[in-house]
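Trainee: Join the two chains into one complex using the hints; note that each chain is given alone, in its own frame.
As a plain string of letters, each chain reads:
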Amino acid sequence: DVKVTQSSRYLVKRTGEKVFLECVQDMDHENMFWYRQDPGLGLRLIYFSYDVKMKEKGDIPEGYSVSREKKERFSLILESASTNQTSMYLCASSPSSLAGGLNEQFFGPGTRLTVL
Amino acid sequence: RKEVEQDPGPFNVPEGATVAFNCTYSNSASQSFFWYRQDCRKEPKLLMSVYSSGNEDGRFTAQLNRASQYISLLIRDSKLSDSATYLCVVREDTGRRALTFGSGTRLQVQP
Numbered sequence: 246d247v248k249v250t251q252s253s254r255y256l257v258k259r260t261g262e263k264v265f266l267e268c269v270q271d272m273d274h275e276n277m278f279w280y281r282q283d284p285g286l287g288l289r290l291i292y293f294s295y296d297v298k299m300k301e302k303g304d305i306p307e308g309y310s311v312s313r314e315k316k317e318r319f320s321l322i323l324e325s326a327s328t329n330q331t332s333m334y335l336c337a338s339s340p341s342s343l344a345g346g347l348n349e350q351f352f353g354p355g356t357r358l359t360v361l
Numbered sequence: 105r106k107e108v109e110q111d112p113g114p115f116n117v118p119e120g121a122t123v124a125f126n127c128t129y130s131n132s133a134s135q136s137f138f139w140y141r142q143d144c145r146k147e148p149k150l151l152m153s154v155y156s157s158g159n160e161d162g163r164f165t166a167q168l169n170r171a172s173q174y175i176s177l178l179i180r181d182s183k184l185s186d187s188a189t190y191l192c193v194v195r196e197d198t199g200r201r202a203l204t205f206g207s208g209t210r211l212q213v214q215p
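Heads up: the sequence lines are chains X and E, in that order.
Sequence positions in the first sequence follow our numbering and run 246 to 361.
Sequence positions in the second sequence follow our numbering and run 105 to 215.
Treat each hint with caution, since some may be false.
[To be verified] Derived SDA-like pairs (lysine to any residue); straight-line CA-CA distance at most 20 Å:
1) X/Lys300 <-> X/Ser312
2) X/Lys302 <-> X/Ser325
3) E/Lys106 <-> X/Ile305
4) E/Lys149 <-> X/Gln251
Worth flagging that the hints you see were computed from the coordinates, not collected in a lab.
Chain E on its own, in the form it takes in the complex (with noise of 0.2 Å):
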């Protein structure tokens, strides 16, 4: 069993709709957990980090469920230039330098 489990899609959606993607961990210990970002044959970027209360930037929403071990990321209002990949990403331990992440989620926003 991955221990980052993501939807890979693609999701497929207009301009202007809200999707959604959530991702499951399977180590209860996970402490940190964020979603990347990856352009097309580009390296992965951080878009934001996912704190326990939710957090908003923009028109991105994170949030955290860490009793059914699931984060979730919803875009409103999309644009043509959030068509990426999607990683969620977990750091297990504060003890662990390493970051695990999913295999990614693809959204490809349509005109």
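Only chain X is shown next, with the shape it has when bound in the complex (with noise of 0.2 Å):
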């Protein structure tokens, strides 16, 4: 079974703070995903990976950054924490782009972020 962890379930943070969150998964998948997620707004994409040292931005980057130091390792780092960024960040992992490999992602369990 594919795994995919994240590093918190929850996490309070206070404005101004910097923020790491990290995702970790296990089946050696090329392309990796950070989403937030919002009542009524739906996952939107913050950036994702294609490979090691590789980002491209989503829809919604600003006050985000990324980093793929390893495969299995995909951090999203909130610079300066703000209260618009408390939400539900979900990472996903999917394998490369042969086979259909692109049209199933794996999700992790996801980290409620609360910036006071």
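Mentor: This is the structure:
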């Protein structure tokens, strides 16, 4: 079974703090993604990575950065947390584009981040 | 305008009922279509892909209408365990690795 784990289920931070959200997958997947999920807005893509040290901006990258130093690990960084970044953050991974590997994404359990 | 639009619901139906959800997408170049399921406080999981000719997986039937740019999911003989949020998902072209998610339709099956 594919397993995607995220470092915390719940996190509370203060405005202005630097926040690291970690995601690890154990299936040797090439692609990894960070989303945030808010009521009424669904999942919105923040960043994704298709290889080690490679990254691409998603639909809402402002206020975030990412790091992918190892294939299995994809980190989301909030350089200076703000209250509008309070959300559920979901990490996902998917295999390569060969044989339709892009079509299924496997999600971690999510991190509910509250910024006070 | 959202790229993928769904009625948020909730749809409240009795056990055994048939229920259908629709979803519309704005990008006519979209290539691939899916339904994901998300249980309360859990992560989304792939339910089924949607093929041009329509496809069935047990009690679930998915259909695609490219001309009208909508996707549907039909659930027959609803079970209590079908209660969840159903996310309509689109991949816009073969070169794009990312998926675009609708905000979901909530289904509550009642005894």
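Trainee: It remains to establish, for every hint, whether it holds in the given structure.
Mentor: Cross-check of the supplied hints:
The suggested pairing of X/Lys300 with X/Ser312 holds, with an alpha-carbon distance near 8 Å, which does not exceed 20 Å. With a C-alpha separation of about 18 Å, the suggested pair X/Lys302 and X/Ser325 falls inside the 20 Å cut-off, and the hint holds. Of the pairs offered as hints, the one joining E/Lys106 and X/Ile305 holds, with about 14 Å between alpha carbons and a cut-off of 20 Å not exceeded. The suggested pairing of E/Lys149 with X/Gln251 holds, with an alpha-carbon distance near 16 Å, which does not exceed 20 Å.
The earlier numbered hints are all upheld by this structure, with none contradicted.
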